[in-house]
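A.B. asks: Once you've looked at the hints, dock chain B against the given chain A.
Just so you know, the protein sequences line up as chains A and B, in that order. Just so you know, we're using the UniProt record's numbering here: the first sequence kicks off at 1 and counts up by one. Just so you know, we're using the UniProt record's numbering here: the second sequence kicks off at 1 and counts up by one.
No lab work stands behind these hints: they were computed from the structure. Among the clues, some could well be false.
Quick look at which bits of chain B chain A covers, simulated, 3 or more residues with Cβ under 8 Å [what the hints assert, rightly or not]:
| hint | region |
| --- | --- |
| 1 | 10–22 |
| 2 | 122–132 |
| 3 | 214–223 |
Have a look at the derived ranges for each label pair, beta carbon to beta carbon [stated by the list, open to error]:
| hint | chain 1 | residue 1 | chain 2 | residue 2 | range |
| --- | --- | --- | --- | --- | --- |
| 4 | A | Glu80 | B | Pro104 | 38 to 46 Å |
| 5 | A | Asn109 | B | Asp122 | 39 to 47 Å |
| 6 | B | Ala170 | A | Asn5 | 27 to 35 Å |
| 7 | B | Gln140 | A | Thr258 | 55 to 63 Å |
| 8 | B | Glu65 | A | Thr258 | 31 to 39 Å |
| 9 | A | Pro204 | B | Asn219 | 37 to 45 Å |
| 10 | B | Asp122 | A | Phe21 | 36 to 44 Å |
| 11 | A | Leu103 | B | Gln140 | 19 to 27 Å |
| 12 | B | Asp246 | A | Pro112 | 56 to 64 Å |
By construction, the Cβ of each residue, glycine as well, lies at the ideal position given by its N, Cα and C atoms.
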Amino acid sequence: MRLINRHPGRVSATLLGLLPFLLIMLVYSLASQERLAENPNDKLLPGLEQMTAAIDRIAFEPDRRSGDYLMWQDTTASLERLGLGIGIAALLALVVGLLNGVLPLVRSNLAPLVSALSMVPPLAILPILFIVFGLGELSKVMLIVIGTAPIMMRDVAQRVRELPGEQLIKIQTLGANSWQVITRMALPQVLPRLIDAVRLSLGPAWLFLIAAEAIASTEGLGYRIFLVRRYLAMDVILPYVIWITVLAIVIDQCLRLTNRRLFPWYNAGGH
Amino acid sequence: MSFITVKNLWKQYGDQVVLENLNLSVKQGEFCTLVGASGCGKSTFLKMLLGQETSTRGELLLEGEAFPGEPDRNRGIVFQRYSVFPHLTVRQNVLLGLELEQKPWLGKLFGTARREALEKVDAMLESVGLTPSANKWPHQLSGGMQQRLAIAQSLIMRPRVLLLDEPFGALDPGIRGDMHDLLLRLWQETGTTIFMVTHDLQEGFYLGTRLLVFDKVRNDPHDPQAFGATITYDLPIGQTDRKLFDDINESVSETARHQAA
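Just chain A, same shape as in the assembly (with noise of 0.2 Å):
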């Protein structure tokens, strides 16, 4: 049988997925063992035991200084960050993706515009930002906004655009005027891809957060790796990472199923 038409069972799918991690962790361990067995204080490849002494001490202790749980402190300092962020993008991306894909006018005067804001790379920005919004949260809250909001009112304006021109025509003759068509057609069509939009967002909303975070802050995920690496406290980052792409692959999988849950015709390919 030729190879392109062989496909994995459930249970060996499962073995086949899980099977790089494995090996991911299999060599880390096998080199951590080597250089902790040279050197036991060895702080480049720490082990099982090192990381969750590191997790234990800024998780689940208060910090001796301050008296706070510094890994929660700093998650839910970033989550806000994220979440204020990609929301004020995502409902932007919304009202100016609607105009410009329903209304001709508005898009010969708003389309060339977001096209070329979305050009601009978003870190090159950042010292702007906080000359002009200082160095609080807002500055951070920006750099998110800017640099995810430009694609995402790209991305519906597209959407809306790629609506059957039928569709169109048939709600002018069922007697809409423009409000309606916005608010009856594109809108309740647009919004399931507009989660997909903000979805696709996260990835580069997570790296502006980050980059914020560790040029200016005083909390936060991005801030904590960012201080530790002077003491080369792989022990704290290497934990820090994995739980930065658990939160992120558990924010993706939440919007994935409030996307089918809220809206049945989409995803069953009702588009």
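C.D. replies: This is chain B only, laid out in the frame that chain A set:
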């Protein structure tokens, strides 16, 4: 005065003449079928009736007034596909027009108004045979059922003109027969004026009250776009015989061959 009047109507796209010198007068309540080779301007004419296209020259009048330049609630349309809204259930699809009409800002009905509207909707669904599927999504329906839904959605608005653009083109022959019966029945019940474009000459010949054949009278082999199509036959249905059918069929296929060459 006739209901719809077409006087010396021309439609050109640049150098390409699509329709030339079209003249027509249609009474209220007629059921016209438009047939002809593809590229002979049937759909263009339908789009002009709909307000999606404007004429280059000539007049297109509805009760003596120029046609509105954009689609409105007086002219219903059913396309071959994509005529229903995938994000609304069958019932919501039919309800939509009533909601849009009564609530310009909200676009939704609540309470008593909604219940009253839903009674109309359910009666309409009953008459097109979609009652068992009232709460399904459009993607769960077969092609024929989706077209029934599209017709119901348009007819609940009681449009003065119903335009059908190859509505049964994508359906199986058996289903098509059922749809013909349904359409004739609804037409008799509502008295709406219907224009139906079809590429199926047989369908055009036996459905409706009047057959309009769009064809090119002149043809320049070196410049196929130089001449447009016009109405070559305008027949009341009932006077049909086999010989005529064959004549029209031959003429239309010849034009189709010229187009393709």
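A.B. asks: If you test the structure against every hint from before, which numbers come out violated?
C.D. replies: 1, 2, 3, 7, 8, 9, 10 and 11
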